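J.: In case you want the letters, here they are:
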Amino acid sequence: GESVGLHLPTLSVQEGDNSIINCAYSNSASDYFIWYKQESGKGPQFIIDIRSNMDKRQGQRVTVLLNKTVKHLSLQIAATQPGDSAVYFCAEKGASYDKVIFGPGTSLSVIP
Amino acid sequence: GAVVSQHPSWVICKSGTSVKIECRSLDFQATTMFWYRQFPKQSLMLMATSNEGSKATYEQGVEKDKFLINHASLTLSTLTVTSAHPEDSSFYICSAGDQNQPQHFGDGTRLSIL
Numbered sequence: 001g002e003s004v005g006l007h008l009p010t011l012s013v014q015e016g017d018n019s020i021i022n023c024a025y026s027n028s029a030s031d032y033f034i035w036y037k038q039e040s041g042k043g044p045q046f047i048i049d050i051r052s053n054m055d056k057r058q059g060q061r062v063t064v065l066l067n068k069t070v071k072h073l074s075l076q077i078a079a080t081q082p083g084d085s086a087v088y089f090c091a092e093k094g095a096s097y098d099k100v101i102f103g104p105g106t107s108l109s110v111i112p
Numbered sequence: 001g002a003v004v005s006q007h008p009s010w011v012i013c014k015s016g017t018s019v020k021i022e023c024r025s026l027d028f029q030a031t032t033m034f035w036y037r038q039f040p041k042q043s044l045m046l047m048a049t050s051n052e053g054s055k056a057t058y059e060q061g062v063e064k065d066k067f068l069i070n071h072a073s074l075t076l077s078t079l080t081v082t083s084a085h086p087e088d089s090s091f092y093i094c095s096a097g098d099q100n101q102p103q104h105f106g107d108g109t110r111l112s113i114l
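Sequence lines, in order, name chains D and F.
Read in this note's numbering, the first sequence has 63 at position 63, and its numbers run on one by one without any break.
Read in this note's numbering, the second sequence has 12 at position 12, and its numbers run on one by one without any break.
The set of hints was computed from the structure by calculation and includes no laboratory data.
Note that the coordinates shown come from a computational prediction; the quantities given were computed from them, not determined experimentally.
The beta carbon of each residue, even a glycine, is placed where N, CA and C say it ideally should be.
Any given hint could turn out to be false.
Said to hold, decoys possible - Estimated spans, in silico, between C-beta atoms of each pair:
1. R110(F) to D17(D): 31 to 39 angstroms
2. D65(F) to Q58(D): 20 to 28 angstroms
3. K64(F) to E15(D): 44 to 52 angstroms
4. T57(F) to K68(D): 47 to 55 angstroms
5. A72(F) to S40(D): 30 to 38 angstroms
6. N70(F) to L11(D): 21 to 29 angstroms
7. L11(D) to A72(F): 28 to 36 angstroms
8. A72(F) to Q45(D): 21 to 29 angstroms
9. S107(D) to S54(F): 31 to 39 angstroms
10. K42(D) to D65(F): 28 to 36 angstroms
11. L114(F) to L11(D): 30 to 38 angstroms
12. S40(D) to I12(F): 16 to 24 angstroms
Claimed, not checked - Per the computed footprint, the stretches of chain F lying under chain D, defined by three or more beta-carbons under 8 angstroms from a beta-carbon of chain D, are:
13. 39 to 45
14. 105 to 112
Turn these sequences into a full structure, and let the hints steer you where they fit.
T.: Here it is in structure tokens:
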């Protein structure tokens with residue numbers, strides 16, 4: 001099967017601080033990018049997405065930045081809360097109905 | 001609420017048995033669904049693309065005779081792990097979505113083979 005990376009890097013932040021999770025994607029032809037949050041024992045949950053014709057998109061407490069030049073994606077979480085503790089995956093997708101490929105993931109731990 | 005339902009959520013069985021996992025889209029029709037596998041502390045690995053009314057498309061290295069996929073209706077895809085062995089123990093996750101929406105994921109099936 002296709003995958004990117006094997007083991008989860010971790011990020012620990014203090015409650016109330018901002019978190020930045022980074023991701024390098026592999027396919028320059030990908031035109032759609034998604035961030036997912038996965039809690040223990042559950043499937044991934046959609047957070048925010050961005051298309052390749054944009055470089056920034058904001059949601060509630062989250063912002064996604066896309067740098068196509070260096071194939072880099074980041075997720076910023078403002079005022080991180082304990083409920084934000086989870087594993088975060090970036091994912092990339094090509095044309096319609098094309099498969100979604102996941103990045104290696106980052107485990108976010110929020111310190112109360 | 002959940003838009004993709006996966007069943008069962010947990011299964012434990014003896015080595016050599018076959019296990020069927022169901023994935024349902026609850027309020028939309030999905031001509032395409034995807035099956036992933038996830039080992040502890042690792043990312044989701046795409047196994048195959050399930051196509052309604054036609055054969056599934058398997059990723060490189062995934063045995064199609066081992067992991068049988070059936071997508072007989074626009075709301076249901078099934079994954080059967082045939083003659084399961086301990087190395088098949090994993091977290092299996094399906095996803096579905098229409099063309100212009102992000103994929104929605106089921107809550108996964110924890111498969112444990114004794």
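J.: In ascending order, which of the hints set out earlier in this document are inconsistent with the structure?
T.: 2, 4, 6 and 7
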